[in-house]
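Q: Just need the whole structure built from these sequences, with the hints factored in.
Protein sequence lines, in the order shown, are assigned to chains A and B.
At position 215 of the first sequence the residue is numbered 215 (our numbering), and the sequence of numbers has no breaks.
Every position in the second sequence, counted from 1, becomes a number in our numbering once 1000 is added.
The reader is advised that the hints may include incorrect statements.
Stated by the list, open to error - Pulled a few chain B residues facing chain A out of the computed Cβ check, cut under 10 Å:
#1 Arg-1012
#2 Glu-1024
#3 Leu-1026
#4 Arg-1027
#5 Ala-1092
#6 Asp-1096
#7 Gln-1099
#8 Lys-1103
#9 Asp-1138
#10 Thr-1141
#11 Ser-1142
#12 Glu-1219
#13 Ile-1238
#14 Ala-1398
Rather than coming from a laboratory, the hints here were simulated on the basis of the structure.
Cβ coordinates follow ideal geometry from the N, Cα and C atoms, glycine included.
Each chain, letter by letter, is given below.
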Amino acid sequence: MIEVRNLHKAFGTVKAVDGVSFVARDGEITGLLGPNGAGKTTTLRMLYTLMTPDSGQVLVDGIDAATDPLAVRRELGVLPDARGLYKRLTARENIDYFGRLHGLPEDLLASRRDALIHALEMDDIAGRRTEGFSQGQRVKTAIARALVHDPRNVILDEPTNGLDVMATRALRQFMHKLKSEGRCVLFSSHIMQEVAALCDRIVVIAHGRVVADESPDALRAQTGEHSLEDAFVKIIGTDEGLAA
Amino acid sequence: MNPVTRKTSRGRTFVTVFLKEVKENLRDRRTLISAFLTGPLLGPVLFVMLLNITLSRELDKAEKPLPVPVIGAEYAPNLVDALKAGGVVPGAPVADPAQAVRKQDADVVLRISSDYGKAWRKGEPVQVELFYDSSQRDANTSVERVTGLVESYGRQQGAMRLVARGMSPSTAWPLQVARRDQATPQSRAVLMFAMLPYFFVITVFMGGMYLAIDLTAGERERQSLEPLFANPVARWKILCGKLAAISVFSTASLLITLIAFAVVGQFIPAEKIGMELDLGVHFASHVLLLMLPLVLLLAALQSMVAAFAKSYREAQTYISLLMLVPLIPSALLSFMPIKAQAWMYAIPLLGQNLGIMQLLRGDGVSAEQIGLCLLGSLAAALLALLATIQLYRSERLAISA
Chain A
1 MIEVRNLHKA
11 FGTVKAVDGV
21 SFVARDGEIT
31 GLLGPNGAGK
41 TTTLRMLYTL
51 MTPDSGQVLV
61 DGIDAATDPL
71 AVRRELGVLP
81 DARGLYKRLT
91 ARENIDYFGR
101 LHGLPEDLLA
111 SRRDALIHAL
121 EMDDIAGRRT
131 EGFSQGQRVK
141 TAIARALVHD
151 PRNVILDEPT
161 NGLDVMATRA
171 LRQFMHKLKS
181 EGRCVLFSSH
191 IMQEVAALCD
201 RIVVIAHGRV
211 VADESPDALR
221 AQTGEHSLED
231 AFVKIIGTDE
241 GLAA
Chain B
1001 MNPVTRKTSR
1011 GRTFVTVFLK
1021 EVKENLRDRR
1031 TLISAFLTGP
1041 LLGPVLFVML
1051 LNITLSRELD
1061 KAEKPLPVPV
1071 IGAEYAPNLV
1081 DALKAGGVVP
1091 GAPVADPAQA
1101 VRKQDADVVL
1111 RISSDYGKAW
1121 RKGEPVQVEL
1131 FYDSSQRDAN
1141 TSVERVTGLV
1151 ESYGRQQGAM
1161 RLVARGMSPS
1171 TAWPLQVARR
1181 DQATPQSRAV
1191 LMFAMLPYFF
1201 VITVFMGGMY
1211 LAIDLTAGER
1221 ERQSLEPLFA
1231 NPVARWKILC
1241 GKLAAISVFS
1251 TASLLITLIA
1261 FAVVGQFIPA
1271 EKIGMELDLG
1281 VHFASHVLLL
1291 MLPLVLLLAA
1301 LQSMVAAFAK
1311 SYREAQTYIS
1321 LLMLVPLIPS
1331 ALLSFMPIKA
1341 QAWMYAIPLL
1351 GQNLGIMQLL
1361 RGDGVSAEQI
1371 GLCLLGSLAA
1381 ALLALLATIQ
1391 LYRSERLAIS
1401 A
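A: Below is the structure:
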């Protein structure tokens, strides 16, 4: 479970995150929805302790990110906005590197890695160097790398960015699988259909603030709009940057 | 899922990062060529070529017949004969001696005035003129040879005149200078090898350079630093693994260069001009020892500089500027020869420079000097390491965009 309490983060005079609070529960998919520049990536970066909040608190499975960042990172599987792979290493070696950094014993690492490669249907590319991988192959490798230590909580920053329809569908199924395994899945997106199709709970962020935190149905009911798209536009107050 | 919280054992992060960086960079052709081929071998090859050219030129000048245009040779046949005996080949007179020297048609031109014969017979002092250009260093040996011949002919004739007048030649020279050159064959070599320490430093520098850029600025540019930092390991451990990989590459570079120098040292005809050169095991092992703390210092400095850069290219620019820093002590020592004080050994780069020059000179380095050199450089390396660790902590380092 991931709890975020009143997070603030400013870069100079720009308030990127201005009082964000929400809870992402185990066995649920929580979507962080917002237009470009709303503060989604900055919020996530504070969750996986890459950035320190100016104020506010992050709790992952009850562990405070400010007091024990290493323990928090141990509980998290992270697909950051930056998905850089090591292009002179094979996909398998990329995954192994992160597994070893997590301190996995070699036998456990091998079985976890092979299971992920199988689940993400990347057996055919696992032995290839990642240089020249397609966007989809890269995202798969980055996800396998992020989940090799079997984390209870999974954070995905715009996971479907740049993926084609087939890859997106496969990724959605994979996220459902993670949810059915009882994990806490938190992902960000600026695509409302995606969020609507996947999420048990939607946290809408605009201008660094949470403007809604509901189930998709509740969101529709709250705004009185029939389509989610209209509901979002009404909540955010503008349709700027909310691309389909 | 993950019921037991695992603790990464302390050493494992370091080893994991180190092994991964080494493996990854062994697969990069450019890094390999720079670290194991061009970097370490360019120095020795360049060196041997330059030395051979310089040496063979010096040797040539000392033995070869020297053509010298002589104006007015007919006025002083005896002098010309004496010059011929000294290996000078008198050439046809030139119209404008100053111009001939300036245009490098001749190294030196001798002009004998038309009243030479008359004055000589009267016993009056006569003047001969030597035209040369002292800014042409190449011509200096020729000028000295001709000057020496003319002067010794003059002295010889003067002595004969005194004898003819019944006086001892020593009357005219109450004082004689006896030159006692204390240069050993090895110390003579040192003059030519003043840049050798710089070669070693540059080799270490080049050996680790591409790694240092790749492991910090490169990783950031490829956006792999952010996922890396999302792992539950302290950043300083990652940095230490990276520094170890850089150090291993630059040390390997240095080893190759030392071996190459030991091999090519055999082919330098140093003994022909009275030099002695020992680039063997004793020399190589001491250089390696002196350079070890510098390996760490340079790795840390390069990583630090690379961490400031936003891109690979920018890091490359900064690091090439950094490469000029090791030039300072070498240049300083070759332009203004200073007497080495004990404290100077404790200064990184300068200490190595002095130590290596001393090894070349054949004096050997004392344990105290080695100790000072190692301690001073190691302290600087630790400072650089701490500064780089501090830099690695910064929030902005991991953010690529």
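Q: Taking the closest Cβ pair, is Gln-1099 (chain B) under 10 Å from chain A?
A: This hint is violated: Gln-1099 (chain B) lies away from chain A, its Cβ roughly 63 Å from the closest one there, beyond 10 Å.
Q: May I ask you to test the interface hint for Asp-1138 (chain B) with respect to chain A, counting a Cβ-Cβ separation under 10 Å as satisfied?
A: violated, 50 Å
Q: Close enough to count: is the Cβ of Lys-1103 (chain B) nearer than 10 Å to one in chain A?
A: violated, 57 Å
Q: Holds or violated: Ala-1398 (chain B) as interface residue toward chain A, Cβ cutoff 10 Å?
A: At about 6 Å, which falls below the 10 Å cut-off, the nearest Cβ of chain A leaves the hint on Ala-1398 (chain B) intact, so it holds.
Q: Please check whether Glu-1219 (chain B) passes as an interface residue: C-beta within 10 Å of a C-beta belonging to chain A.
A: Result: holds, 7 Å to nearest chain A Cβ.
Q: Double-check Arg-1012 (chain B) for me: the hint is only fine if its C-beta lies closer than 10 Å to a C-beta in chain A.
A: Since chain A brings a Cβ to about 6 Å from Arg-1012 (chain B), closer than 10 Å, the hint holds.
Q: So, as I understand it, the hint says Ala-1092 (chain B) touches chain A; can you test that by seeing if any CB pair is closer than 10 Å?
A: violated, 69 Å
Q: For the hint on Arg-1027 (chain B), just tell me whether its beta-carbon gets within less than 10 Å of chain A.
A: Since chain A brings a Cβ to about 4 Å from Arg-1027 (chain B), closer than 10 Å, the hint holds.
Q: Given a cut of 10 Å on the nearest C-beta pair, is the interface hint for Leu-1026 (chain B) held or broken against chain A?
A: holds, 9 Å
Q: For the hint on Ser-1142 (chain B), just tell me whether its beta-carbon gets within less than 10 Å of chain A.
A: violated, 58 Å
Q: Can you verify the interface hint for Thr-1141 (chain B): is its Cβ closer than 10 Å to any Cβ in chain A?
A: Result: violated, 55 Å to nearest chain A Cβ.
Q: So, Glu-1024 (chain B) near chain A? Judge it on the closest CB pair being under 10 Å.
A: Nearest chain A Cβ about 5 Å off; hint holds.
The structure fails hints 5, 6, 7, 8, 9, 10, 11 (numbered hints given earlier, in ascending order).
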